[in-house]
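Undergrad: Residue strings, one per chain:
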Amino acid sequence: MKKHDTPMIDELENGPWPSFISGIKRLRDTHPEKRINEMTNDLLGQLEHSYETRKGYWKGGTVSVYGYGGGIIPRFSEVGDAFPKSKEFHTLRVQPPAGNYYTTESLRDLADSWEKHGSGLVTFHGQTGNIMFIGSTSENTQHFFDEINEKGWDLGGAGPCVRTAMSCVGAGRCEMSNVNEHKAHRLLVNNFMDDMHRPALPYKFKFKVSGCPNDCMNSIERADMSVIGTWRDDIKVDQEEFKKYVGLKGRKYVIDNIVTRCPTNAISLNDDDSIDIDNQNCVKCMHCLNVVPKALHPGDDKGVTILIGGKRTLKIGDLMGTVIVPFMKLETEEDWERLVEIGEETIDFWADNALEHERCGEMIERIGLVNFLEGVGFDVDPNMVANPRESSYVRTDDWDDEAVKWYEKADEKKDSA
Amino acid sequence: MGEKAKKEMRAPIETGAPDGFQYMHPTMRKNFGQWKYHEHPRPGVLVHYANSGEEIWTVRAGTQRILDVFTLRTLCDIGDEYADGYVRFTIRSNIEYMVKDKAKVEPLIAAIEKEGFIVGGTKNSVAMISHTQGWLHCDIPGTDASGVVKAMMDELIDEFRNNEMPNRVHLTTSCCQINCGGQGDIAINIQHTKPPKINHDLVSNVCERPSVVARCPVAAIRPAMVNGKPSLEVDEKKCICCGACFPPCPPMQINDPEHSKLAIWVGGNHSNARSKPSFQKLVAAGIPNNPPRWPEATAIVKRILSAYKEDARDWERINDWIERIGWPRFFELTELPFTKYHIDNWRGGRKTLNSSAYVRF
Numbered sequence: 456m457k458k459h460d461t462p463m464i465d466e467l468e469n470g471p472w473p474s475f476i477s478g479i480k481r482l483r484d485t486h487p488e489k490r491i492n493e494m495t496n497d498l499l500g501q502l503e504h505s506y507e508t509r510k511g512y513w514k515g516g517t518v519s520v521y522g523y524g525g526g527i528i529p530r531f532s533e534v535g536d537a538f539p540k541s542k543e544f545h546t547l548r549v550q551p552p553a554g555n556y557y558t559t560e561s562l563r564d565l566a567d568s569w570e571k572h573g574s575g576l577v578t579f580h581g582q583t584g585n586i587m588f589i590g591s592t593s594e595n596t597q598h599f600f601d602e603i604n605e606k607g608w609d610l611g612g613a614g615p616c617v618r619t620a621m622s623c624v625g626a627g628r629c630e631m632s633n634v635n636e637h638k639a640h641r642l643l644v645n646n647f648m649d650d651m652h653r654p655a656l657p658y659k660f661k662f663k664v665s666g667c668p669n670d671c672m673n674s675i676e677r678a679d680m681s682v683i684g685t686w687r688d689d690i691k692v693d694q695e696e697f698k699k700y701v702g703l704k705g706r707k708y709v710i711d712n713i714v715t716r717c718p719t720n721a722i723s724l725n726d727d728d729s730i731d732i733d734n735q736n737c738v739k740c741m742h743c744l745n746v747v748p749k750a751l752h753p754g755d756d757k758g759v760t761i762l763i764g765g766k767r768t769l770k771i772g773d774l775m776g777t778v779i780v781p782f783m784k785l786e787t788e789e790d791w792e793r794l795v796e797i798g799e800e801t802i803d804f805w806a807d808n809a810l811e812h813e814r815c816g817e818m819i820e821r822i823g824l825v826n827f828l829e830g831v832g833f834d835v836d837p838n839m840v841a842n843p844r845e846s847s848y849v850r851t852d853d854w855d856d857e858a859v860k861w862y863e864k865a866d867e868k869k870d871s872a
Numbered sequence: 078m079g080e081k082a083k084k085e086m087r088a089p090i091e092t093g094a095p096d097g098f099q100y101m102h103p104t105m106r107k108n109f110g111q112w113k114y115h116e117h118p119r120p121g122v123l124v125h126y127a128n129s130g131e132e133i134w135t136v137r138a139g140t141q142r143i144l145d146v147f148t149l150r151t152l153c154d155i156g157d158e159y160a161d162g163y164v165r166f167t168i169r170s171n172i173e174y175m176v177k178d179k180a181k182v183e184p185l186i187a188a189i190e191k192e193g194f195i196v197g198g199t200k201n202s203v204a205m206i207s208h209t210q211g212w213l214h215c216d217i218p219g220t221d222a223s224g225v226v227k228a229m230m231d232e233l234i235d236e237f238r239n240n241e242m243p244n245r246v247h248l249t250t251s252c253c254q255i256n257c258g259g260q261g262d263i264a265i266n267i268q269h270t271k272p273p274k275i276n277h278d279l280v281s282n283v284c285e286r287p288s289v290v291a292r293c294p295v296a297a298i299r300p301a302m303v304n305g306k307p308s309l310e311v312d313e314k315k316c317i318c319c320g321a322c323f324p325p326c327p328p329m330q331i332n333d334p335e336h337s338k339l340a341i342w343v344g345g346n347h348s349n350a351r352s353k354p355s356f357q358k359l360v361a362a363g364i365p366n367n368p369p370r371w372p373e374a375t376a377i378v379k380r381i382l383s384a385y386k387e388d389a390r391d392w393e394r395i396n397d398w399i400e401r402i403g404w405p406r407f408f409e410l411t412e413l414p415f416t417k418y419h420i421d422n423w424r425g426g427r428k429t430l431n432s433s434a435y436v437r438f
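In the order they appear, the protein sequences are chains Z and W. Be aware that the first sequence starts at 456, since it is given in our numbering, and climbs by one per residue. Be aware that the second sequence starts at 78, since it is given in our numbering, and climbs by one per residue.
Be aware that a few hints might be false.
As the list claims (entries may be wrong) - Simulated restraints on C-beta separations:
#, chain 1, residue 1, chain 2, residue 2, range
1, Z, 863, W, 283, 55 to 63 Å
2, W, 352, Z, 606, 27 to 35 Å
3, W, 390, Z, 536, 56 to 64 Å
4, Z, 857, W, 421, 50 to 58 Å
5, W, 379, Z, 705, 51 to 59 Å
6, Z, 788, W, 90, 49 to 57 Å
7, W, 383, Z, 598, 48 to 56 Å
8, W, 421, Z, 848, 31 to 39 Å
9, Z, 857, W, 282, 19 to 27 Å
10, W, 383, Z, 848, 44 to 52 Å
Said to hold, decoys possible - List of simulated lysine-lysine pairs, DSSO-like, C-alpha gap at most 27 Å:
#, chain 1, residue 1, chain 2, residue 2
11, W, 191, Z, 699
12, Z, 749, Z, 784
13, Z, 638, W, 271
14, W, 274, W, 306
15, W, 358, Z, 739
16, W, 177, Z, 749
17, W, 315, W, 271
18, W, 113, Z, 739
19, W, 181, Z, 480
20, W, 428, Z, 698
21, W, 113, Z, 770
22, W, 113, W, 181
Unchecked claim - Just so you have them, the derived chain Z footprint on chain W, three or more residues with Cβ under 8 Å:
#, stretch
23, 112-121
24, 270-284
25, 311-317
26, 409-421
Don't read these hints as lab results, they were simulated from the structure. These figures come from a predicted structure and were not determined experimentally. Idealized CB from N, CA, C, for every residue including glycine.
Extracted from the complex, chain Z is given alone in its bound form (with noise of 0.2 Å):
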């Protein structure tokens, strides 16, 4: 085999960072596969020559496994003859476990049938939130799913449908959570493996879970629906614990970096080094709970806040998601159904909705909210905006009828409480 000479990607070689460029030489130079040798050495070739270019040379097809109609991100070279080796050269999407858990012997559990059938490139995880295993034939992408499906790995999403759902380390690990996040994740994106194997959706719809409002899932901003876990009781006070902290960090420090960082001025310094908490006013943003772990906790009524219709730039720039549902418990076998149910109806709507290629959220601007929520059967809620309307360009012929729907849903909650 004849080794590209590849000057310009050696020089990311250099340096004190973890070099990609170097792992796929070691596939190259020392794996016992001949294929994977020629294939990362052809892979060396191609990349080299798109940085001389400056083009990438990848281009979309259409390749599947038996029974299903996407999750296979097809490659095929457009300069597969200088670089033949690697002119197919599919990614698999592979759903992680929820909140990206791993043995190490499930890892080399792929790893060994990943280097039977393709490049032995994988990233965990590709920005969708699946495994990508990068680098797979035509007919070995068959090959290596039937392998991994047999141990409980699935396929995610790609094209237009439900995609792969991402949900934080969670309850597994961090005391803000609020929610069983791996729960919410599985449930909801468990229910549509018809809707994201077989693309048949308007464009992509996604499913991200945050155990709390720090979101690091980056839910409100990517996903199409964000379930975010919160609470609606009062933020749990360790005076002792928050006292040392002023004695540590100093008045000042604590002033100036959680007292005045509130956003709603809900909390106040009290003469004695501990805290005040309006928690009526509180909007469970983190800050400070971020700040003094030890000393401030999550309350005890937990639920999840809602929003749809986050994305990115296409088509008509971005879009944060809207509170829908600005909190429901999920404790009961009902609750979770519920939610599952909300999942449903949403998807439902926009399909039925939507133009091609146009995002829920993009759907609901074209629309207005209120139709929206209309046909998905939500009636309007004050925390589903920043502030009321602006214009006054509106008819309001029925406001009588709406003033006494809010009167009589008034009613209802103060019968029920």
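Given the coordinates of chain Z, work out where chain W should sit on it, guided by the hints.
TA: Relative to chain Z, chain W alone:
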């Protein structure tokens, strides 16, 4: 399909996302949902205490993210020999080892560093850059991703393994304007500056023309007959060079070795802490896409980081810091030019203008 082939076809088992619980450290399983607080004894190390009195120690390390099986096995060897065999990956692709005993932490760190991985990335550090596939594997990339990240992390490594920033800094890169890298405190993204170059011979065979027309955010694409063939043409005065037409229609090549530039955006913040989540804002563009080490982009990132490190207060993320000091001061401190391109003219852009007498002098 013959009978034999049919028999060989195996129906998939649609199990979906596996249960993470089976792979979780026993101490974490036992104390699931019962964690009380955590501490951060040194960069790259977290210790979580449970109500039961038990504790779990986490050591976080940065890797090259594009892992070869040898590297993956090395990571597993470390996990087996120096940890308890349980790992996880963060959203920024760092590996985390969890151990029950504090005594295991120092030998574990030594083993990780001996193999060339970098311990750090926790709390107020510059975290690992979340990134995309780039020239290595994407079908529409304007630049590489892993290469940009490698070159940049070589320069930022000390900020990764120390905690000297006012708050955490999340960096992202994206190799096209779709921005799969996501929002970041600092984002380094491709910004095209010229309309697509169309290969009219291929359009009618390769592209579903109405879909491509519909994909354009500014309605600049229309069907046309070119050289007697049905094709598409772009109104180049309207075109914003976003590249949205390129994925559905590869003959509309948007990537250009010279004119696809890098832009830098700041202030994206996913967290609700202190203020609502925020999107990143453009601060620099026209930066050369200069492989293999992209020195110009790295220099600007370092300038922004150094101004932030110097001037921001504890706990301020980059967006919090700029909110306090104002944009004029940001451009002054970073010595970046403010141009007409910084003023947003996209729909809804008016809300980004200063409609007040708030001016800092």
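Undergrad: Which of the listed hints are not met by the structure?
TA: Of the numbered hints, 2, 4, 5, 6, 8, 9, 11, 13, 19, 20, 21, 24, 25 and 26 do not hold.
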